[in-house]
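Chemist: Listed here are the chains, written in short residue letters.
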Amino acid sequence: MLSRLSPRTTKIIAGALAAVACVLLGFVIGSVTAQPDAPDEHSAEAGFARDMSVHHAQAVEMGMIAFEKATVEHVRTLGVDMALTQQAQIGMMNAWLQSWGLSPNSDDPPMAWVPGGSSMVRGNLMPGMATREEIQQLQRAEGRQVDILFLQYMVRHHLGGIHMAEEVIKANPRPEVRALAETMISGQSGEVEVMRKLLADLGAQPLPS
Amino acid sequence: MSTGDSRRSPFSTKATKTTATDDQKSGAKKPAAARSGSAGKLLDRPPSAKGGRTPARPQTAGKGGKGRRPVTPVRVSQGRNWGPIVLFAGAGVVALLIIVIAAIPVLKKANEGTWQERVAGIEGLINYWESNAPWVNQREHQSGVLQYETNPPAGGNHNGAWQNCMGDVYTEPIAKEHAVHSLEHGAVWVTYRPDLPADQVEMLASKVRDRSYVMMSPYPGLDVPISLQAWGYQLKVDSADDARIDTFINALRQNATIEPGAVCSRGITESSDTPFDLGDGMGQ
Numbered sequence: 001m002l003s004r005l006s007p008r009t010t011k012i013i014a015g016a017l018a019a020v021a022c023v024l025l026g027f028v029i030g031s032v033t034a035q036p037d038a039p040d041e042h043s044a045e046a047g048f049a050r051d052m053s054v055h056h057a058q059a060v061e062m063g064m065i066a067f068e069k070a071t072v073e074h075v076r077t078l079g080v081d082m083a084l085t086q087q088a089q090i091g092m093m094n095a096w097l098q099s100w101g102l103s104p105n106s107d108d109p110p111m112a113w114v115p116g117g118s119s120m121v122r123g124n125l126m127p128g129m130a131t132r133e134e135i136q137q138l139q140r141a142e143g144r145q146v147d148i149l150f151l152q153y154m155v156r157h158h159l160g161g162i163h164m165a166e167e168v169i170k171a172n173p174r175p176e177v178r179a180l181a182e183t184m185i186s187g188q189s190g191e192v193e194v195m196r197k198l199l200a201d202l203g204a205q206p207l208p209s
Numbered sequence: 001m002s003t004g005d006s007r008r009s010p011f012s013t014k015a016t017k018t019t020a021t022d023d024q025k026s027g028a029k030k031p032a033a034a035r036s037g038s039a040g041k042l043l044d045r046p047p048s049a050k051g052g053r054t055p056a057r058p059q060t061a062g063k064g065g066k067g068r069r070p071v072t073p074v075r076v077s078q079g080r081n082w083g084p085i086v087l088f089a090g091a092g093v094v095a096l097l098i099i100v101i102a103a104i105p106v107l108k109k110a111n112e113g114t115w116q117e118r119v120a121g122i123e124g125l126i127n128y129w130e131s132n133a134p135w136v137n138q139r140e141h142q143s144g145v146l147q148y149e150t151n152p153p154a155g156g157n158h159n160g161a162w163q164n165c166m167g168d169v170y171t172e173p174i175a176k177e178h179a180v181h182s183l184e185h186g187a188v189w190v191t192y193r194p195d196l197p198a199d200q201v202e203m204l205a206s207k208v209r210d211r212s213y214v215m216m217s218p219y220p221g222l223d224v225p226i227s228l229q230a231w232g233y234q235l236k237v238d239s240a241d242d243a244r245i246d247t248f249i250n251a252l253r254q255n256a257t258i259e260p261g262a263v264c265s266r267g268i269t270e271s272s273d274t275p276f277d278l279g280d281g282m283g284q
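Protein chains in written order, with the numbering used here: chain A, 1 to 209; chain B, 1 to 284.
Source of the hints: derived by calculation from the structure; they are not laboratory data. This structure is a prediction, so every number in the text was calculated from the model and none was measured. The beta-carbon is built from N, C-alpha and C at its ideal position, and this holds for glycine as well. Certain hints may be false.
Chain A residues, not near chain B, derived (Cβ > 12 Å throughout) [to be verified]:
#1 ALA16
#2 LEU25
#3 ARG50
#4 VAL60
#5 GLU73
#6 HIS74
#7 ASN105
#8 ASP107
#9 GLY116
#10 MET120
#11 ARG132
#12 GLY187
#13 GLU193
#14 ARG196
#15 LEU199
#16 ALA200
To spell it out: a stretch of chain A is covered by chain B in this simulated footprint if at least three of its residues, at any positions, have a beta carbon under 8 Å from a beta carbon of chain B; those stretches are [said to hold, decoys possible]:
#17 123-131
#18 135-149
With the sequences and hints as input, model every part of the structure.
Modeler: In structure tokens, the structure reads:
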């Protein structure tokens, strides 16, 4: 029966079949591969969102200890301000990861998204993070020691976070990642200046870098 | 014969096809076709160069008779019969698509897929969501000592205070009722039998230390050397170098939360056998 199709009809059918096949194949490929626009598993944006969320979580922890126990009102206010702001930013970064189809966890080690990043990490600690022992020290401190320890740990913590934000900007990230990283740099730089003054008022020094 | 046949299209195969099917009727044509090898050669008979009669041929064929006039070659255009080609190409494309579509789940797993897919691939993992354990959907705050259906517990009602799970490595047991609240917040709780060798304890600690949403503690009475818990999931293994430990933590840390946004800081940092009383009169 096919031999009775006119040449033109057969060509049209062949062309239509090829077009449908191409569309279907393209659809299948698209559904298997990641969304074309989303940063991938090993991108700087994904690494920044994951690692900065961990970094921020410690700032929240320390800020809330300061809010609860610090003796200087300005220090208590700084603490709760940092805690609430950075907790909200964790939410933003987690939402990015979800929209990119990525888990908050990676098989890569921390800071793998930064050239030479492994040298910036101590164990599981991101740059500038306090150890559990230091956090426990802060938790057990009394009086002005709470303020001093909090300010010392937080200056060091901010400087590490600023460094991480600078690294993701170097990687030319998407606009919303760049915007949040830039505001982290400007906000935390300002807070570092305030905290240095408060330490001086308390007769203490920042930790050696 | 000069037919003035202007059909140069590939589909002028009627002559050959007709020839083939008509071979019962015109035996002479069949040998001619066979001799020419395939359809499309000039079906001509060279005019006898020897003059006179054409070479001996059974004269039962169509033309028959003496003194056959020379036959002007009829070009039967060589045309491909596109019909079957299109059909088989189409079938091949469809078959390829079916194969590729079937391969998608396999490819996705190769690319690690979602965390749910990774979890499903962990051998020996117990998924209490799948088994519809009733306590998986119970998440009320209750004071005092609580009874749990699994040992260690992997969910259920719990104390109003959670256990600090910022990568805390507890060296003494912690209260289950606080730990379960930490699971609700998305923590992975690594437990080990107190007689686990020190080097294995340290190996576990290196995976836990300083990582938010992970914590570990010794668990007296554990029936295996190591047991990992997330809300609704549990995995028991024999040794700290079991590769499934990393897979479990990486799949479920934070992903297992039933309270997105909840924190692991501000929790109870002390060890104890029984939960701390929040002093709110809700206790037993």
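Chemist: Now, for every hint given, state plainly whether the structure supports it.
Modeler: Hint check results:
1. ALA16: For ALA16(A), whose nearest Cβ neighbour in chain B is about 10 Å away, the distance does not exceed 12 Å, so it is violated.
2. LEU25: Violated: least Cβ distance 7 Å, not greater than 12 Å.
3. ARG50: violated (10 Å)
4. VAL60: Non-interface label fails for VAL60(A): nearest chain B Cβ at 6 Å, not farther than 12 Å.
5. GLU73: holds (21 Å)
6. HIS74: The claim holds: HIS74(A) sits with its nearest Cβ about 22 Å from chain B, beyond 12 Å.
7. ASN105: violated (4 Å)
8. ASP107: violated (6 Å)
9. GLY116: Its Cβ never comes within 12 Å of chain B, the nearest being 21 Å, so this holds.
10. MET120: holds (14 Å)
11. ARG132: The claim breaks: ARG132(A) does not keep its Cβ more than 12 Å from every Cβ of chain B (closest is about 6 Å).
12. GLY187: holds (21 Å)
13. GLU193: Its Cβ never comes within 12 Å of chain B, the nearest being 26 Å, so this holds.
14. ARG196: Check passes; 25 Å lies beyond 12 Å.
15. LEU199: holds (23 Å)
16. ALA200: holds (28 Å)
17. 123-131: holds (count 5)
18. 135-149: holds (count 3)
Checked against the numbered hints above, the structure breaks hints 1, 2, 3, 4, 7, 8, 11 and satisfies the rest.
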